[in-house]
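K.L.:
The lines below spell out each chain.
There are 2 protein chains.
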Amino acid sequence: MKAKQRLLERQKAISSRLCVGLDTEISKIPPFLQGSESPITTFNASIIESTSMHASAYKINTAFYEQYGEHGWQALKNTISMIPNEVFTIADAKRADIGNTSSAYARAIFDDLNCDAITVNPYMGYDSLAPFLEREDRMVIILALTSNPGSKDFQRLISEGKPLYQHVIERVLSWNSSASIGFVIGATHPDELSMIRSYAPDEMLLIPGIGAQGGDIDAIMKANADGPVMINVSRAIQYAGDSEDFGEKAYEAAQFYKERIGFNT
Amino acid sequence: MKAKQRLLERQKAISSRLCVGLDTEISKIPPFLQGSESPITTFNASIIESTSMHASAYKINTAFYEQYGEHGWQALKNTISMIPNEVFTIADAKRADIGNTSSAYARAIFDDLNCDAITVNPYMGYDSLAPFLEREDRMVIILALTSNPGSKDFQRLISEGKPLYQHVIERVLSWNSSASIGFVIGATHPDELSMIRSYAPDEMLLIPGIGAQGGDIDAIMKANADGPVMINVSRAIQYAGDSEDFGEKAYEAAQFYKERIGFNT
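Protein sequences, first through last, are from chains Z and L. Per our numbering, the very first residue in the first sequence carries number 472; after that it's consecutive. Per our numbering, the very first residue in the second sequence carries number 472; after that it's consecutive.
In isolation and in its complexed conformation, chain Z is listed as follows (with noise of 0.2 Å):
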């Protein structure tokens, strides 16, 4: 079954269109966690388990793992086969190189990690992604207008009259791919939402920016006309409790972005 499709029939069975992100840092974690031997593994456990059933999808970031070396390697690898297969799997991971290169990156994530998706960079063009299209049971998901305050320095410059991100949008929706096809959209830009969907009403969004960043989710909703998206939510839902009953606030606050994203089908 296609990436998208699995993804869509997730969402429609859970009447969800939350991801939780896992950006776990050591230091922000319980501290009576902090000094456990695997805290990581141990902290993504307890949030997995809170918080399944309300996740369409989780998204890990791969910085957060990398900073930790082979050992954070390890609990990004462990955090990974903990998720309920049923639940869509993101490697935010913004790769992307020359081919032979990228062919190595589509191994990690797809082969070595076993994440149902990935989120790529598209500066270097068509051969750069392509290692990555071409796997036909995975979605790629490519970066178009991103949430940072630095997404304005190219992503809005103005080249034949639109800007990079459009071009970017269009021009991936021309290649060929086997691969199920996504971008990543800030939501700190309602408007340009709206724009996005009149040219590309069907194609999945990935929306981060949500709580911790200030996108405002009636905003986005609204802009979105109801086109396939999964709205991330990283550390409102993770860090949203800070002692013993930490799950249960996850699991609270999971419910709640649940509920305010709403779902109708």
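Honestly, the hints are just simulated from the structure, not real lab data. Just so you know, not all the hints are guaranteed correct.
If several chains are the same, the list does not tell them apart, and a pair holds so long as it fits within one copy or across any two.
[Said to hold, decoys possible] In silico DSSO-like links for lysine-lysine, alpha-carbon gap of 30 Å or less:
no.: 1; residue 1: Lys693; residue 2: Lys483
no.: 2; residue 1: Lys548; residue 2: Lys623
no.: 3; residue 1: Lys499; residue 2: Lys475
no.: 4; residue 1: Lys720; residue 2: Lys623
no.: 5; residue 1: Lys499; residue 2: Lys633
no.: 6; residue 1: Lys548; residue 2: Lys473
no.: 7; residue 1: Lys693; residue 2: Lys475
no.: 8; residue 1: Lys633; residue 2: Lys623
no.: 9; residue 1: Lys499; residue 2: Lys548
no.: 10; residue 1: Lys693; residue 2: Lys499
no.: 11; residue 1: Lys633; residue 2: Lys693
no.: 12; residue 1: Lys623; residue 2: Lys483
no.: 13; residue 1: Lys720; residue 2: Lys483
no.: 14; residue 1: Lys720; residue 2: Lys693
no.: 15; residue 1: Lys499; residue 2: Lys473
no.: 16; residue 1: Lys499; residue 2: Lys483
no.: 17; residue 1: Lys548; residue 2: Lys720
no.: 18; residue 1: Lys548; residue 2: Lys693
no.: 19; residue 1: Lys720; residue 2: Lys473
no.: 20; residue 1: Lys548; residue 2: Lys633
Let chain Z serve as the given structure and place chain L on it in line with the hints.
P.N.:
Frame of chain Z; chain L shown alone:
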């Protein structure tokens, strides 16, 4: 001492602007080593021993290590620790993400792996690079015009009369940076390199794409007009031999490329 100064002193000390790529894949190393206990570390130890006298820098592409999971990350760390202190080390990681995430990548590459430099992707703009640019003893090498065919897809889009890669170079040079700055310019674009040297005459350039990718050394050195450069060669040195004498073959290939590149003070 600033990273750029350290690199220039190394280049002067051995009259070499060669950067040796360590993009190790188990399937490509000599067959007699493939079954050894730590094939990547064992192979890289020999390549480093055989080429460090000719190498101003080593460039290690993280993708090739990540494909082997936590063992690959351990091999990556082992490899960097085996490189003599006086040789410059570049993590060719092409990272960048929102600010707090890029901070984690900076810790991974500069602190856990202790590399002198990292390659980064500019698509997400200033705040995605700031955590790297803050590090005054390191070098941040920004993708500008890459060596691959896909470099035409977005990097050459014209905005306000200039290609995107020129916007990247000029914008980056306008930012405050404590770190030394460098840019990636593919060896496959000598005409553009000439132009780039007209507005960035003294910037350090990392030039990949010689050898397997078809870049022409003479054309590129002429276009460079004696600006500071590292010319990277990976496969043509690493895989120069495939039997017991692979170290000797790598030594000879490194010497050949060092001399072909030449050195003028």
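K.L.:
Run every hint past the structure and note whether it holds.
P.N.:
A quick look at each hint next to the structure:
no.: 1; hint: Lys693 <-> Lys483; verdict: within (20 Å within a copy, 60 Å between copies)
no.: 2; hint: Lys548 <-> Lys623; verdict: neither (34 Å within a copy, 36 Å between copies)
no.: 3; hint: Lys499 <-> Lys475; verdict: neither (33 Å within a copy, 35 Å between copies)
no.: 4; hint: Lys720 <-> Lys623; verdict: neither (35 Å within a copy, 49 Å between copies)
no.: 5; hint: Lys499 <-> Lys633; verdict: neither (41 Å within a copy, 44 Å between copies)
no.: 6; hint: Lys548 <-> Lys473; verdict: within (23 Å within a copy, 37 Å between copies)
no.: 7; hint: Lys693 <-> Lys475; verdict: within (22 Å within a copy, 50 Å between copies)
no.: 8; hint: Lys633 <-> Lys623; verdict: both (14 Å within a copy, 17 Å between copies)
no.: 9; hint: Lys499 <-> Lys548; verdict: both (20 Å within a copy, 26 Å between copies)
no.: 10; hint: Lys693 <-> Lys499; verdict: neither (33 Å within a copy, 52 Å between copies)
no.: 11; hint: Lys633 <-> Lys693; verdict: within (23 Å within a copy, 36 Å between copies)
no.: 12; hint: Lys623 <-> Lys483; verdict: neither (35 Å within a copy, 40 Å between copies)
no.: 13; hint: Lys720 <-> Lys483; verdict: within (24 Å within a copy, 59 Å between copies)
no.: 14; hint: Lys720 <-> Lys693; verdict: within (28 Å within a copy, 63 Å between copies)
no.: 15; hint: Lys499 <-> Lys473; verdict: neither (36 Å within a copy, 33 Å between copies)
no.: 16; hint: Lys499 <-> Lys483; verdict: neither (33 Å within a copy, 46 Å between copies)
no.: 17; hint: Lys548 <-> Lys720; verdict: within (25 Å within a copy, 38 Å between copies)
no.: 18; hint: Lys548 <-> Lys693; verdict: neither (36 Å within a copy, 47 Å between copies)
no.: 19; hint: Lys720 <-> Lys473; verdict: neither (34 Å within a copy, 47 Å between copies)
no.: 20; hint: Lys548 <-> Lys633; verdict: neither (40 Å within a copy, 43 Å between copies)
Violated hints, listed in ascending order, are 2, 3, 4, 5, 10, 12, 15, 16, 18, 19 and 20; each of the other numbered hints is respected by the structure.
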